[in-house]
Amino acid sequence: MKILVFNAGSSSLKFGVFYMSVEDSRVFKGEFEGFKNGQCQFHYRVGGEQGKEENRPENIATVADAIARVPDILTEFGFTHFDAIGHRIAHGGERFHEATLINDEVLNHIEGCTPLAPLHNPANLKAVTIAQKLWPELPQIAVFDTAFHHTIPERAYTYAVPKTWRDKGLRRYGFHGTSHKYVGLRAARELGKPVTDLQIISCHLGNGASVCAINRGFSIDTSMGMTPLEGLVMGTRSGDVDPGMFTYLSRELGLSAEDVERELYNNSGLKAFSDTQDMREVEAMAAAGHENAQLAINVYAYRARKYVGAYAAAMGGLDAIIFTGGIGENSASMRRRICDKFEFLGLFMDDDKNMAVKLKGFEAPQIQALESRIKVIVTQTCEQLMIAQEVNYLLAQKAHTPKQTWRIPVAVSARHIHLSQDHVEALFGKGYKLKKMRDLSQPEGWAAEETVAVIGPKESFETVRILGPTRNATQIEVSKTDTFTLGVEAPVRPSGKLDHTPFIKLRGPCGTDRNKRPDHRRKAYSYEPR
Numbered sequence: 001m002k003i004l005v006f007n008a009g010s011s012s013l014k015f016g017v018f019y020m021s022v023e024d025s026r027v028f029k030g031e032f033e034g035f036k037n038g039q040c041q042f043h044y045r046v047g048g049e050q051g052k053e054e055n056r057p058e059n060i061a062t063v064a065d066a067i068a069r070v071p072d073i074l075t076e077f078g079f080t081h082f083d084a085i086g087h088r089i090a091h092g093g094e095r096f097h098e099a100t101l102i103n104d105e106v107l108n109h110i111e112g113c114t115p116l117a118p119l120h121n122p123a124n125l126k127a128v129t130i131a132q133k134l135w136p137e138l139p140q141i142a143v144f145d146t147a148f149h150h151t152i153p154e155r156a157y158t159y160a161v162p163k164t165w166r167d168k169g170l171r172r173y174g175f176h177g178t179s180h181k182y183v184g185l186r187a188a189r190e191l192g193k194p195v196t197d198l199q200i201i202s203c204h205l206g207n208g209a210s211v212c213a214i215n216r217g218f219s220i221d222t223s224m225g226m227t228p229l230e231g232l233v234m235g236t237r238s239g240d241v242d243p244g245m246f247t248y249l250s251r252e253l254g255l256s257a258e259d260v261e262r263e264l265y266n267n268s269g270l271k272a273f274s275d276t277q278d279m280r281e282v283e284a285m286a287a288a289g290h291e292n293a294q295l296a297i298n299v300y301a302y303r304a305r306k307y308v309g310a311y312a313a314a315m316g317g318l319d320a321i322i323f324t325g326g327i328g329e330n331s332a333s334m335r336r337r338i339c340d341k342f343e344f345l346g347l348f349m350d351d352d353k354n355m356a357v358k359l360k361g362f363e364a365p366q367i368q369a370l371e372s373r374i375k376v377i378v379t380q381t382c383e384q385l386m387i388a389q390e391v392n393y394l395l396a397q398k399a400h401t402p403k404q405t406w407r408i409p410v411a412v413s414a415r416h417i418h419l420s421q422d423h424v425e426a427l428f429g430k431g432y433k434l435k436k437m438r439d440l441s442q443p444e445g446w447a448a449e450e451t452v453a454v455i456g457p458k459e460s461f462e463t464v465r466i467l468g469p470t471r472n473a474t475q476i477e478v479s480k481t482d483t484f485t486l487g488v489e490a491p492v493r494p495s496g497k498l499d500h501t502p503f504i505k506l507r508g509p510c511g512t513d514r515n516k517r518p519d520h521r522r523k524a525y526s527y528e529p530r
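Residue numbers for the sequence shown follow the working numbering, beginning at 1 and rising by one.
Since the hints were derived computationally from the structure, they do not count as laboratory data.
Beta carbons: idealized from backbone N, C-alpha and C, even for Gly.
Misleading hints may appear alongside valid ones.
Now the in silico label distances, taken between C-beta atoms and shown as ranges [said to hold, decoys possible]:
#1 Val161 / Lys193: 32 to 42 Å
#2 Thr129 / Asp167: 23 to 33 Å
#3 Thr485 / Lys193: 27 to 37 Å
#4 Asp352 / Thr158: 40 to 50 Å
No more than 20 Å apart at the CA atoms, straight line, and that leaves these computed lysine to any residue pairs for SDA-like [what the hints assert, rightly or not]:
#5 Lys436 / Thr451
#6 Lys430 / Pro509
#7 Lys375 / Val195
#8 Lys433 / Ala473
#9 Lys505 / Gln475
#10 Lys430 / Pro469
#11 Lys398 / Asn103
#12 Lys436 / Pro509
#13 Lys375 / Gly317
#14 Lys306 / Glu230
#15 Lys375 / Leu191
Sequences are here, hints too, so could you generate the full structure?
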């Protein structure tokens, strides 16, 4: 599969050619940037990630002109045939959860999301419409920045604002999803574990910046919100501010809402402190004694550190922090500042490893100290590669015709509990064996005659059925509504996945005396199973 990928911005165009059958799949990388006075700079690399980076000036005035010039550029370097074209689309709203084949209906929906991403969706759409004219016979596929974040739970994406506002689309969507998904998978590969077994915080730090909590492979929260303005301090964007400032600035300075929004997008962030959005320049100014530059660095690091701490708490644990993006990859001092003060979580940096990071391709060095429980990984993001992989997967799925029809039985169960034999005896007496009442539809499963009381901080269920046979670990399975009745927050997990799940108290005929156990927290399954 040969895939051409476009990532069109308001002031730059990135594109790449991917041969999915080879390991070093990006065989050509190109970028047009620095449009000024009818010219721009063209940066390119041929021959995979280890190819030599080249650049040259081009007489191209706009991003649209650059897109139209791409076929000639590709022909110049011998790339003339493709199977599909993938497009990075910033905002897909609530509708799109995965890569999608573009048609008129999809285009109309993307255009309808423009108010939510006014700086990004128009440029993305321009690339699609021009590419459709240049390659009318090829499938054009949209890969959405927002798609990865559709697993964020309702409690995390909902703003506490009037329902009429929420009905208009006011909610957290999140961005940089393609980057966060890619580096999460890359970190899992580096650590030699399935991403579904890891709790990761991804820090995409560049001119645009966001943090994402990736809990066992799924995005559960991210710092950007309805628009790419919320969250971290960025190059020219403010990140979090008090919305009360809009009326205050209207009264005090006569600024309209549009005036304030424009300043928050274009003249805030790092630029507001030191007249530059380039962290390298900010760090040089700070080292020379520039107090506003020093403040900029402190504000930037503090905001990022605060989000990392919040997301570690939201997940109830943390295995790894990933740094990516221009600042995340290249600023050792910023990585150090952000990771400071997390010793209480078991994170210890190795300064020599941190300073030695020099990324050329897809390396993912670990920079934590040997005694650190939490891993710290630095890697280049590759959103274009992730887009190519999504396109490849979508086309493979569409080409696959099942040879047979599968029938999957689905059953619904009421609240119930599985007990270990040790806990059966703790609740019912030494040597007690559960008695089978009836078989279940689940193979080898059966309902026992016995029940126990489940006691929560708020209320209790007095007769919860035990299911047999006994298991290695005790767990209770309840509905979402049951958690509110009990007063606990229970995560959605595959059966048997008990790490970082809450405790609950059980009562059986032998009572609930914790004093019978010398350490009820370490042996919590006896009376407080997860």
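A quick look at each hint next to the structure:
| no. | hint | verdict |
| --- | --- | --- |
| 1 | Val161 / Lys193: 32 to 42 Å | 39 Å, holds |
| 2 | Thr129 / Asp167: 23 to 33 Å | 30 Å, holds |
| 3 | Thr485 / Lys193: 27 to 37 Å | 36 Å, holds |
| 4 | Asp352 / Thr158: 40 to 50 Å | 44 Å, holds |
| 5 | Lys436 / Thr451 | 12 Å, holds |
| 6 | Lys430 / Pro509 | 12 Å, holds |
| 7 | Lys375 / Val195 | 14 Å, holds |
| 8 | Lys433 / Ala473 | 16 Å, holds |
| 9 | Lys505 / Gln475 | 11 Å, holds |
| 10 | Lys430 / Pro469 | 17 Å, holds |
| 11 | Lys398 / Asn103 | 16 Å, holds |
| 12 | Lys436 / Pro509 | 18 Å, holds |
| 13 | Lys375 / Gly317 | 13 Å, holds |
| 14 | Lys306 / Glu230 | 14 Å, holds |
| 15 | Lys375 / Leu191 | 9 Å, holds |
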